[in-house]
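Peer 1: Throw the hints in and build the complete structure from the sequences for me.
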Amino acid sequence: MATTAALAGVLLALAAYVIQGTVHTTRATEQQSHALVVDSLFAEARIAIAMQEVNLRHYQVEPSVAVKKRFDQVVRTANNTLTQIASGDDGTARRDALRLHAEQLAYHALAERLILLIADSNPDHLQLDQLEVTPAFYTLQDDVDTVARAYHDAAQRQVAALRLTQGRLLFGTCLGFGVGLCLVGVILRMILGYQRRLLEQATESRHLALHDPLTGLPNRTLFTQRMQGALDDAAAAGDRHVALMVVDLNGFKAVNDTMGHHAGDRVLIESGRRLAAGVGADGVVARLGGDEFAVLLPRVTGIAAATELAEVLVAALRRDFLLDEGPAAISGSLGIAIGPMHGAGDELFRHADAAMYRAKSNGGGVAVYDAASDAEMPDRMGLFADLRTLLETADPGGQLRLYYQPQVRLSDGAVTSVEALVRWQHPVRGLLMPGTFLPIAESSGLEVRLTYHLLGVAVRQAAAWLRDGRQYSVSVNVSPGCLIDPGFVARVLNTIDEAGLPPELLRLELTETSIMADPERAVRALHEVREHGISVSVDDFGTGFSSLAQLRRVPADELKIDRTFVRDLTAGTPDAVMVRSAVDLGHNLGLSVVAEGVEDVEALLRLREMSCEFAQGYALSHPVPADRLPQACQQAQQVVTEAIAPLGSIA
Numbered sequence: 026m027a028t029t030a031a032l033a034g035v036l037l038a039l040a041a042y043v044i045q046g047t048v049h050t051t052r053a054t055e056q057q058s059h060a061l062v063v064d065s066l067f068a069e070a071r072i073a074i075a076m077q078e079v080n081l082r083h084y085q086v087e088p089s090v091a092v093k094k095r096f097d098q099v100v101r102t103a104n105n106t107l108t109q110i111a112s113g114d115d116g117t118a119r120r121d122a123l124r125l126h127a128e129q130l131a132y133h134a135l136a137e138r139l140i141l142l143i144a145d146s147n148p149d150h151l152q153l154d155q156l157e158v159t160p161a162f163y164t165l166q167d168d169v170d171t172v173a174r175a176y177h178d179a180a181q182r183q184v185a186a187l188r189l190t191q192g193r194l195l196f197g198t199c200l201g202f203g204v205g206l207c208l209v210g211v212i213l214r215m216i217l218g219y220q221r222r223l224l225e226q227a228t229e230s231r232h233l234a235l236h237d238p239l240t241g242l243p244n245r246t247l248f249t250q251r252m253q254g255a256l257d258d259a260a261a262a263g264d265r266h267v268a269l270m271v272v273d274l275n276g277f278k279a280v281n282d283t284m285g286h287h288a289g290d291r292v293l294i295e296s297g298r299r300l301a302a303g304v305g306a307d308g309v310v311a312r313l314g315g316d317e318f319a320v321l322l323p324r325v326t327g328i329a330a331a332t333e334l335a336e337v338l339v340a341a342l343r344r345d346f347l348l349d350e351g352p353a354a355i356s357g358s359l360g361i362a363i364g365p366m367h368g369a370g371d372e373l374f375r376h377a378d379a380a381m382y383r384a385k386s387n388g389g390g391v392a393v394y395d396a397a398s399d400a401e402m403p404d405r406m407g408l409f410a411d412l413r414t415l416l417e418t419a420d421p422g423g424q425l426r427l428y429y430q431p432q433v434r435l436s437d438g439a440v441t442s443v444e445a446l447v448r449w450q451h452p453v454r455g456l457l458m459p460g461t462f463l464p465i466a467e468s469s470g471l472e473v474r475l476t477y478h479l480l481g482v483a484v485r486q487a488a489a490w491l492r493d494g495r496q497y498s499v500s501v502n503v504s505p506g507c508l509i510d511p512g513f514v515a516r517v518l519n520t521i522d523e524a525g526l527p528p529e530l531l532r533l534e535l536t537e538t539s540i541m542a543d544p545e546r547a548v549r550a551l552h553e554v555r556e557h558g559i560s561v562s563v564d565d566f567g568t569g570f571s572s573l574a575q576l577r578r579v580p581a582d583e584l585k586i587d588r589t590f591v592r593d594l595t596a597g598t599p600d601a602v603m604v605r606s607a608v609d610l611g612h613n614l615g616l617s618v619v620a621e622g623v624e625d626v627e628a629l630l631r632l633r634e635m636s637c638e639f640a641q642g643y644a645l646s647h648p649v650p651a652d653r654l655p656q657a658c659q660q661a662q663q664v665v666t667e668a669i670a671p672l673g674s675i676a
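So in my numbering, spot 203 of the sequence shown is number 228, and the numbers just go up one at a time.
FYI, nobody ran anything at the bench for these hints, they're computed from the structure. Note that the coordinates shown come from a computational prediction; the quantities given were computed from them, not determined experimentally. Do not take every clue at face value.
To be verified - Quick list of in silico lysine to aspartate or glutamate cross-link-like pairs, EDC-like style, CA-CA up to 20 angstroms:
1. LYS93 / GLU137
2. LYS93 / GLU78
3. LYS94 / ASP149
4. LYS278 / ASP437
5. LYS385 / GLU336
6. LYS278 / GLU350
7. LYS278 / ASP290
8. LYS278 / ASP97
9. LYS385 / GLU317
10. LYS278 / ASP258
11. LYS278 / GLU87
12. LYS278 / GLU372
Stated by the list, open to error - Listed next, with one range per pair, are the computed distances between beta-carbon atoms:
13. VAL453 / ASP522: 14 to 24 angstroms
14. ARG124 / GLY423: 36 to 46 angstroms
15. LEU189 / MET458: 50 to 60 angstroms
We put the beta carbon where it would ideally sit given N, CA and C, even for glycine.
Peer 2: Put into structure tokens, the structure is as follows:
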């Protein structure tokens, strides 16, 4: 009886424990499933939001009905997904989804306005894009990335919590096995079966969260984990290299457009299969999104071995894809970065991506990361963010600095004007030259704001020189975007008024190609500034392909001959002929002529013989900070004076 009572007590206690554990496990499973669903939906919304921007940029390049339809489709996907999240949750996820939905609707409204302007060929679309659409997208993208990462982390915590609950339940059940004899064993088998089903569900959910649903390949999250593991192993071994390849499909858009999305999906699946077959069992192939893949080789002997395999992969992608709709032909652009030689983690990804873009710009094929060729690519986004912050805060630390190069009159050596040239004293990267960050400003819509900021710095400096008794006309380079800015003229006039600088001491430099981009608007704006006494210079003359008939209409005061024609002025050379022709052309149009890039006294004397009025270049002075300009001007004047002294002045 006592044994029966004890067994009954054990069974009752075990039953109570099992029931309680099952309740906890079920609750944890429900929470995990809900977290994974919310994670998946936010990930889907993030992809759809990113694809909106991709299709909007495609529409700018190719304003077709097909591109607009794809844009509308991803807009619906983004809206529906966020609505689904909001309707299926009454907590934080609902509030996040409603906020993102509001930002998404605002961005969509701006994008639709931009599309209408593009469809109408209205040039105002550039201003709308730069000032409203692009900032709205970055705000939306940053927000959805933050939210998606937060819910992904929450889902992983739920998975961990479920495992912990299952482990505790397993321990208690095992203890009951030893006491509950045969009947407890039956209960144990039932519980273990139930647990296996739960683990299978959790494993399946984790697989879906870490793999691309179309190709079945690892996604970026899993690929990053595998890459980090390979880099850690390589660091521990000390003599091992890891190769990261980023692959972009060339011609994939044409397949989608001409043969349909089903055919495009088949191409993506087959591309992933070919890449996986090419790298073998040791490599890892992932789909990063769209038509972009990544390949990881955990063990390579060096660049040569990685390049050899990369050539095989690119060749595999070039083979025709035999689809039900017909044969399709694409190619690949592949960039290689070797870890830890070229960095680790996100840096290695950026370097491989930079090499891939260089390969794509060369028409496809394979490119290995090269610091000299790809120096600007890995840091583009970081430099863009830093530059945007500087311009938004008016550069309180004065990182954006102007250096000044004297322009010397060749008749007597007098310095009457200087050109303002920007440098960036970056707190981390040191002194950056214009070629490092100006292309980033131009491609990201910051060039107009940068021009206005530097215009203010130059004008205030010229006014300070004037107050100190030094009268220099300062030349400021103006970006092409300023000419289509309706507020350009007013901004220039307000800047010189606030600084107290006479208009005749400001000269605006514009390249001939930027003027010809929209001649009507450019000519109107330049006429207006000249009416207020500001002079205009046509910079880099000879490097563009503008019509001389149109150039004649430009209200300019000065013509600057590009440095490429000043390097070889030996009599009878093509450069000498070009420079003499440019000088004659400038004089016939009533313009003064400045030669850039003068690097030796012989070129200076040759220019003087050709009746070129002004010169600037390293032979006279390098660009210098404002406080060193008086000494630089004195040096430049001395160089010219000593050079022309035996010749006498020009009559």
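Peer 1: Work down the list of hints and note, for each, if the structure agrees.
Peer 2: The hints, checked one at a time:
1. For the given pair, LYS93 sits about 10 angstroms from GLU137 by alpha-carbon distance, which is consistent with the 20 angstroms threshold.
2. Taking the CA atoms of LYS93 and GLU78, the gap is near 12 angstroms; set against the 20 angstroms cutoff, the hint holds.
3. A hinted pair counts as satisfied when its Cα atoms are at most 20 angstroms apart, and LYS94 with ASP149 does not qualify at roughly 23 angstroms.
4. For the given pair, LYS278 sits about 62 angstroms from ASP437 by alpha-carbon distance, which is inconsistent with the 20 angstroms threshold.
5. In summary, the hint linking LYS385 to GLU336 is supported, as the alpha carbons are separated by about 14 angstroms, within the 20 angstroms threshold.
6. Among the hinted pairs, LYS278 with GLU350 is consistent with the structure: their alpha-carbon atoms are about 15 angstroms apart, no more than 20 angstroms.
7. The hinted pair formed by LYS278 and ASP290 meets the criterion: a straight-line CA distance of about 11 angstroms does not exceed 20 angstroms.
8. For the hint linking LYS278 to ASP97, the alpha-carbon distance of about 17 angstroms falls within 20 angstroms, and the restraint holds.
9. Distance check on the hinted pair: LYS385 and GLU317 sit about 12 angstroms apart at the alpha-carbon level, within 20 angstroms; holds.
10. Annotation: proposed proximity of LYS278 to ASP258 is violated, straight-line Cα distance about 38 angstroms (limit 20 angstroms).
11. For the given pair, LYS278 sits about 12 angstroms from GLU87 by alpha-carbon distance, which is consistent with the 20 angstroms threshold.
12. Note on LYS278 and GLU372: the hinted pairing is violated, with a Cα-Cα distance of about 28 angstroms set against a maximum of 20 angstroms.
13. Separation of VAL453 from ASP522 is about 37 angstroms and departs from the stated range, judged on CB atoms against 14 to 24 angstroms.
14. Range check, ARG124 to GLY423: Cβ separation about 37 angstroms, and the 36 to 46 angstroms hint holds.
15. Hint check: LEU189 to MET458, Cβ distance near 56 angstroms, so the stated range 50 to 60 angstroms holds.
Violated hints for the displayed structure, listed by number in ascending order: 3, 4, 10, 12 and 13.
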